[in-house]
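Participant: The lines below spell out each chain.
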Amino acid sequence: AQSVTQLDSQVPVFEEAPVELRCNYSSSVSVYLFWYVQYPNQGLQLLLKYLSGSTLVKGINGFEAEFNKSQTSFHLRKPSVHISDTAEYFCAVSGENSGYALNFGKGTSLLVTP
Amino acid sequence: EPEVTQTPSHQVTQMGQEVILRCVPISNHLYFYWYRQILGQKVEFLVSFYNNEISEKSEIFDDQFSVERPDGSNFTLKIRSTKLEDSAMYFCASSDDGVPTTNEKLFFGSGTQLSVL
Numbered sequence: 001a002q003s004v005t006q007l008d009s010q011v012p013v014f015e016e017a018p019v020e021l022r023c024n025y026s027s028s029v030s031v032y033l034f035w036y037v038q039y040p041n042q043g044l045q046l047l048l049k050y051l052s053g054s055t056l057v058k059g060i061n062g063f064e065a066e067f068n069k070s071q072t073s074f075h076l077r078k079p080s081v082h083i084s085d086t087a088e089y090f091c092a093v094s095g096e097n098s099g100y101a102l103n104f105g106k107g108t109s110l111l112v113t114p
Numbered sequence: 001e002p003e004v005t006q007t008p009s010h011q012v013t014q015m016g017q018e019v020i021l022r023c024v025p026i027s028n029h030l031y032f033y034w035y036r037q038i039l040g041q042k043v044e045f046l047v048s049f050y051n052n053e054i055s056e057k058s059e060i061f062d063d064q065f066s067v068e069r070p071d072g073s074n075f076t077l078k079i080r081s082t083k084l085e086d087s088a089m090y091f092c093a094s095s096d097d098g099v100p101t102t103n104e105k106l107f108f109g110s111g112t113q114l115s116v117l
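Those protein sequence lines, which keep their order, are chains Z and E. Going by our numbering, the first sequence opens with residue 1, and the numbers climb by one from there. Going by our numbering, the second sequence opens with residue 1, and the numbers climb by one from there.
Calculated from the structure, these hints are not laboratory results. Using N, Cα and C, we set each Cβ at its ideal position, and we do this for glycine too. Hints should not be assumed to be uniformly reliable.
[Stated by the list, open to error] Computed, partial: chain E to chain Z, Cβ under 10 Å:
(1) Val4
(2) Gln6
(3) Thr7
(4) Pro8
(5) Gln37
(6) Tyr50
(7) Asp96
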């Protein structure tokens, strides 16, 4: 089955600074990769996804992620964060072995301060 | 924008009691899911539901869990006899498309925080 590891549980960053949230996956078959964001008191919202094709995917709110098969990574990046980006970020994977159900990481809490 | 609605946002229950968590999926969606997140742990898949039956379930979804779509709008998760370890945030999700590559069409609710005392 597929699984993901989010290496950082918390990432503090100053406003307008760049940020990278790390995600590594394990799978023996082709996978689909996702990043979800959860703002306080809200549901999970899809940020971006990698299904196939270009390894650099762009999502909402200025986020992007790069699928790196050799490093089995799918790190999320933003060149300049805003206070409003403060949220919980979840990396997720699905694929044939999981019956296509999403397997989530533990989440990374991004805290943006002035 | 359409949204998945979950009620209540927070439920407290005594160990051994039955609880029903309620979800109203997006109206034209056909695929329904429950996930949960124990504090500090991963969001875990519990069950998927389509055409009035369970299409897939995880090891977590044992006999004490059941799901139902009692009418045309609600999708419920019942825990028959709650345990302390059932304390978690439970997320409902729905989709109009069960095709695997289109998980991006999965819409999540804001969750119900279940606390078992």
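Participant: Once the shortest beta carbon distance from Asp96/E to chain Z is found, is it less than 10 Å?
Facilitator: violated, 14 Å
Participant: Using 10 Å as the Cβ threshold, decide whether Pro8/E counts as touching chain Z.
Facilitator: The hint is violated - Pro8/E has no Cβ within 10 Å of chain Z, the shortest such distance being about 13 Å.
Participant: Would the hint on Val4/E be counted as holding, given a Cβ-Cβ threshold of 10 Å to chain Z?
Facilitator: holds, 6 Å
Participant: Against chain Z, run the beta carbon of Thr7/E and see if the smallest gap drops under 10 Å.
Facilitator: violated, 13 Å
Participant: Would you settle whether the hint for Gln6/E is holds or violated, based on the nearest Cβ-Cβ distance to chain Z being less than 10 Å?
Facilitator: holds, 8 Å
Participant: Do the numbers back the hint for Gln37/E, that is, is its least Cβ distance to chain Z under 10 Å?
Facilitator: holds, 8 Å
Participant: Tell me if Tyr50/E is really an interface residue toward chain Z, meaning its C-beta lies closer than 10 Å to one of theirs.
Facilitator: violated, 12 Å
Hint check: violations occur at hints 3, 4, 6, 7; the rest are consistent with the structure.
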